[in-house]
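*Asks:* Fit chain C to the known structure of chain F by using the hints.
Spelled out from the first residue to the last, the chains are:
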Amino acid sequence: MSFITTLKLYYIRKIKESLRNPAMLSISVFIPLMYLFLFEPLLKHFTGMPGFESGNILNTFLPGILVSLSVFGGAFAGFRLIDEIRQGIIERFRVTPTSRQALLLGAVLKDVTSVLLQALIFTGAAIPFGLHVSLAGFALLLVILALNTALFASFSYAIALRFQNEDTLVPIAQVVTLPGLLLAGFLLPINLAPGWLKVASHFDPIYYSVEASRALMNGRFGQDAVWEVFLVTVPLTALVMGWAGTLFNKVVR
Amino acid sequence: MDTLLVTKGLSKTFPAKGESIQAVKGVDLQVSKGEIFGFLGPNGAGKTTTLRMLATLLGPDAGEAYVAGYDLLREPGKVRTKIGYVSQVGGSDRDMTAREDLTLQGRLYGMPVSAVRHRTMELLKALNLESMADRKSGTYSGGQKRRLDIALGMMHRPALLFLDEPTTGLDPQSRAQLWDEVRLLRDQGTTIFLTTHYMDEADELSDRIAIMDEGRIVAEDTPKALKQQVAGDMVLLGLTEDGSLTLTEEDSVARQALEILQAEPYVREAAYVQGKLRLYVHQGEMVLPGMLRLLDHARIGLKSVSLSQPTLDDVFLRKTGRSLQEAVQ
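So the sequence lines, in the order shown, correspond to chains F and C. Under the numbering used here, the first sequence is numbered contiguously, ending at residue 235. Under the numbering used here, the second sequence is numbered contiguously, ending at residue 330.
If we strip away everything but chain F, and leave its shape as in the complex, we get:
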């Protein structure tokens, strides 16, 4: 059976799993809307700050929040995997003559699908609030979000496979996500930070995603971050996915 056929089977299984869970679906739409209704009104006085984008305040804030969707959407994916391992589902799939990489990739692609849909809904909903979207930039932004989701989801799966324990996954996921996003300047541009903090942020892969997303949303294709993000994120994602794939080979329950 071809890799693509197997991948499709595992991917569709995951999609159906999401659709069965209306609570999770509504939350993913709910959160962006909460940002728009509860947070955006507070931003009216923030225009014209140094380091901010010109034009609507959402053009500064929204890209970072989109990146946060990809980070959170990926980092907590491991919980369901732990549950599946406990039920013996992963062991059962491993005995079939199907590729372990297809199993991993199917799950990661579902996480990517979920985040991209959220990003589309969020961005679409923000336009009436005044967000200005560069279409070409937004398309590339989606690619960055996809990569970022794949990175964090694979990492979450790797931790889930290695420790098979929620009590280990929770603190690791928390340490990696919020501090990572803050250091990347996801809400307020890290340009506003003192020197040492700015330097530190360059060691955070999420920093490049946030900078690139902000640039792309506003049509600034020339900014360094736009190519730097691929240089940083693509190898890192490949490495983490490779690690998770190897760990899949050892699961017994």
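Hints were generated in silico from the structure; no laboratory data involved. Glycine included, every Cβ here is placed at the ideal spot set by N, Cα and C. Careful: at least some of the hints might be erroneous.
Derived DSBU-like pairs (lysine-lysine); straight-line CA-CA distance at most 30 Å [as the list claims (entries may be wrong)]:
#, chain 1, residue 1, chain 2, residue 2
1, F, LYS232, C, LYS126
2, C, LYS26, C, LYS9
3, C, LYS26, F, LYS(-10)
4, C, LYS79, C, LYS9
5, C, LYS137, F, LYS(-2)
6, F, LYS(-10), C, LYS9
7, F, LYS(-2), C, LYS126
8, F, LYS232, C, LYS26
Negatives, chain F to chain C, calculated, CB over 10 Å [said to hold, decoys possible]:
#, residue
9, VAL11
10, GLU73
11, ILE103
12, ARG202
Rough simulated footprint, nothing fancy, chain C against chain F, three-plus residues with beta-carbon under 8 Å [said to hold, decoys possible]:
#, stretch
13, 61 to 72
14, 76 to 87
*Replies:* Frame of chain F; chain C shown alone:
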């Protein structure tokens, strides 16, 4: 007789704090086509580890194996096409219905859509899951879930089905039902390899068994042959009513009975203990009528007869010095 599975020197060691644990120490096994092979041993004996190696889930550290016609170490992918595996926890997804899960399973084995539909219906019927086929398996009872797990393992019609502790946690009725289903699978041509810590499962359900203790095989044969090797059946004959004979009279009657019976070829050991003749015989159920006739002929009165056959626990005890029941945590 076709051999469907053969292992030689299969071993597995696990690293643990400081030292390593040898879970499986050089296992040699042979399973013939069309039999139910039982792998009996206390918890921690290494049965599940062995099973996982044979099912391609764990890599052996040493030894070799041929499973369903393929070299386990060189062609695990091909082995996977021929085997089914049902772990102790099962592997069915509690959020999917039986029908959905079976369909997925069939597609994972590359079965075409129409074949999948047909086989799903066949299995749902055979394993009595039709009435709940479209409810999430999380709502099933223990026995129903276990049947679904077996159906999943059988979806692609494997030549060899591995079952890890298939009846653990089931009530007696579900257990009996499952045994019948396993026998039916065997009758239809599937070879079954199951692990168990239940003596009766090894004894009554399995055609041949291997007994494992602390990583080693300590015995391998049919349950009957193993039990016969150990001691033979025990026959207890109560000679007289208490008090109807004097001690000396009782003694002489016993001696006479012993003399008669010890001459018989099927009697291995005989003694007079606590008012009863205790004899260890070969195939007790066959020879008992003859024994009774002999004693009757010699006018020796009997007040009671009992026949007990050795159990696999006796076999385990003989081979390891411990009782299987003690060893079970």
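*Asks:* Compare the structure with the hints numbered earlier in the document and write down the numbers of the violated ones, lowest to highest.
*Replies:* 1, 3, 6 and 10
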